[in-house]
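Chemist: If you want the building blocks of each chain, they are given just below.
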Amino acid sequence: MRKLNYFFGTLMGLTLLLFGCKPGGDGSGNGALASSAAEKVYVAPGEQDEFYAFLSGGYSGNLTVYGLPSGRMFKEIPVFSQFPTSGYGYSEETKPMLNTSHGFIPWDDLHHPDISQTNGELDGRWIFVNGNNTPRIARISLSTFETEEIIEIPNSAGNHSSAFITENTEYVIAGTRFAVPVPQRDMPINEYKGNFKGALSFISVNPEDGRLDLKFQVMMPGFNYDLSHPGRGKSHGWHFFSTYNTEEANSLMEVNSSQNDKDFIAAINWKKIEEFVNNGGGTKMATNYAHNVYNEETHTGTSTMVKEVLTVDPTEVPGAVFFLPTPKSPHGCDVDPSGEYIIGAGKLSADLTVHSFTKMLEAIEAEKFDGEAYGIPILKFEDVMAGVVKSGGLGPLHTEFDSSGNAYTTFFISSEVVKWKLETWEVVDRKPTFYSVGHLMIPGGNSRKPFGKYVVAMNKITKDRYLPTGPEMEHSAQIYDISGEKMELIYDFPTHGEPHYAAGCPADLLRANSKKIYRLDENKHPYAVTSPDQARVERNGNEVHIYMSTIRSHFTPDNIEGVKVGDKVYFHITNHEQDFDVPHGFSMLGQNTSEILVMPGQTKTSVWEPKQVGVWPFYCTDFCSALHQEMQGYVRVSPANANIDLSWSLGE
Amino acid sequence: MKKASFLMMIGPLFLLGLYFFPLWNIMLGAPQYPEPLGMNIHIDGIQGVNEFDIQNIDGLNHYIGMKTLPKSEDMWEFSTFPLIIGGMVALGVLVGLLGYFKILSPNWFVGWFILMSILGVLGMYDFNAWMVDYGTNLDPNAIMKLANPDGTPMTYKPPLFGHVKMLNFDVTSLPSSGAWMMFTGMMLTVLAFLLGRKTWKSKPKQAKLQTMKVKVKK
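Same order as they appear, the protein sequences are chains A and B.
For the first sequence, the residue numbers in this note's numbering are 1 to 652.
For the second sequence, the residue numbers in this note's numbering are 1 to 218.
For the record, the hints were derived by calculation from the structure and aren't laboratory data.
When the alpha-carbon atoms are kept at most 20 Å apart in a straight line, the in silico EDC-like pairs for lysine to aspartate or glutamate are as follows:
#1 B:K145 - A:E630
#2 A:K515 - B:E51
#3 A:K516 - A:E47
#4 A:K515 - B:E35
#5 A:K449 - A:D481
#6 A:K516 - B:E35
#7 A:K262 - A:D370
#8 A:K516 - B:E51
Note that the structure is predicted; figures quoted are calculated from it, not measured.
Excised from the complex, chain B in its bound form:
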């Protein structure tokens, strides 16, 4: 249980990476952008991969009537997410600590994991909803109003995961280093649960065995 609790304390700490590394990355390459434009989505805001990428993405997007990319203060998510992550890290470490002193069972470990997963899915859902709005809520006076082959107005929602060809741009959206760290940390808590469960269950058994041995000796 010591090892498991230790893992349970380490795992959530990996989430601290989200304060330094981007959660998600979207790259936009095109014939005239051999060095692609890119944005890194951090929990507290969107940053350009290169210094002027955000300005240049906004510049290009104005042709098709997309809104400019939100600044940190424009979206409640960017002030709330860091708090949620901080809270979850603290909670996870606390659960691990209490596990270490055998106050909490490893079930709490997986409990933390499930809660984190739910928050993650909610986060993704929110992120996707923003992208839908960003890609479809277009200025009616846009310079270029393009239509799909079926006649419906073309929209520009970036993919949540993977690659999409959008006009002249190849758009690739993938989890970035912060997300991978979070994923690793969450897996560690699952490992902590599995490991903890084994030792937690075996401990009482060992105690029983010992008492049996004592009985035999008598």
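The shape of chain A in the complex, shown without the other chains:
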């Protein structure tokens, strides 16, 4: 009996121990929470993500493609920066894409992507991005995921309130952040005030092929046009720009352009200006800018210099431009899905100012103006304001929207995302970001139809989020699940370059249209060879043109003789594969340029100027097949005065 008691006693003790584990297990309760977050972002091997996310690369000059919710990076699309990985900006075909009125520029600062829309909804045809430093707008195809067009913006500087599209992709809009003399001229900097101009550019988009055309520029007073967004729905036809430095200071800007209690949001009725222009309005002005177009059939970019631009003085189009006073140097200028509310994020304050489009129209109708600036009517703050969001945060920057009437605003200084309700202006939730968030992105969050499942917060400061990698680190981003009332942080991942804004869309919008190969029978490159028996070498003075083809696993030809020191050798390489994901690469020993990657069916050209006599090898840089290592060849380089005829062969 005693033994039995011991037995039960021990059993009870064990039970206590077991249950005793439970409170201690609360730590693992957090673990359980974390594991549910893990489930939300886990995309099993072989599975695909729910959304595409296009994150700007900032100073990388390129655009990166990610999946949501996994945060996996799929591709870096070279846009404004040379990209030795593929030869973009190095190959003869793509060098023209980086031409500007200042000559070839190997880099830019890419900030704001925007996906094309039809009726205010994402249509997934193209994505537009801005080059901030040397003002340019690029159009990227969402079937090839390659840059197809880059247009330089004259009279602009710090192309920051760009590239935002109207709700039927009628225009890509590009505003200047830095006011400059127009036309550019030699003048004292301190005569800025009243003399510099702020050009807002309206670039039309051809609905068939996406081709860009700088239709007109509105020459605004010399403020700093910081960010912008299009009106949509009821406010379609208007575009809204935030401004700072309405003080028109030209030095120690951080102090001198922060003096006015209020700057402006500029409301532009572009439909009215379009009509004015279509009726012959505006002034043609001599200028010089580059327009670079990539042709998918010739696989070649061409750069054309344009010499004229149509400018519009806003005071000549009554009722087209108004200023909405907005406190504290507004940065973000965002429009809700209905088009009624325009949110100005006064970056030096705690509060958000929300303007009402309807009230704005009423005030304009009643001509209730509070003076003017350079002939442009200023509306009364109280007349246009719909509400103020008392956020409790500091340094509001950007706002995106879900489809249930909520807005999400980033706060740089207090490092958080704040969720609040449209119309009641009450704060619903707030979550910290790590650290100092800039933009945020909800797929479709800048359209009439947001997909409010995730928000991605893109931060400016990384510090301790990942394993340290020296002083320079990639930036961090966080993904929050916003399907519930409260936001939930579910993932944290490093991004490439410095993402500013981003754009996202459901995977199904693009997946089926993504090209697998270029058709060889549609290749119209002037130096293409569509069959290996056309492969040859031709000399034209000191230029040697090698018409070369590739297929697993050889180059045709792979032995070339008769090249001389001082020649300029063009390797025109056509990839004859018609199989998905079988690129071939090419590189030549001692070549003063990058490799090229040639996609199936494509032709690319790499230049080599041999300086030394010898037999020099080239090889395929993309591990294309089991015999990839053998995919190699030789070029014999003879002295400049040698008497050796060109010859070429394969397998002889």
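Assemble chain B onto chain A, guided by the hints.
Modeler: Coordinates of chain B only, in the frame set by chain A:
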């Protein structure tokens, strides 16, 4: 016999499907081909399941020294088979028609079926012989010369029917829609025979019965 003859006329018409749909299908899947390459064997030639599959299969096969897949003009079969099928369809319909007018007995129906079956087996035999040649008659200078565990040179004959693992490829060979239509059509002719035989035999009996009845009445 009307119904049977009608079936006998319909059945061979199913073979016309062979002009539009593939007879056989061979799919080649591999780790790096999650979307498998495939060829459809039609009576008049071989086509890729996807546009560039033939080119890509040839590209891969060159490593192991296999010949490129034959074009329509490279094999007499691809010009002869359509004629044979056309002839058999015409013959079958004719037999059915003559059956309808009671000129031919249902035995002709099964006769057509047996002839078609023999031609089918011969066709399969020929197809298999081509595959043996295609899979074993390899370029002596092939890039990859692989051996079986017993030391004999590895060959690459695709299966006539079913699945085989060949190096990194899963090769599946099965009759395709054209063959299934042919099979259905041939079964209809068998049905026509069975049905026809029943009514063909019972008809004379019925006649006898009637005459008997007449006798009784008298």
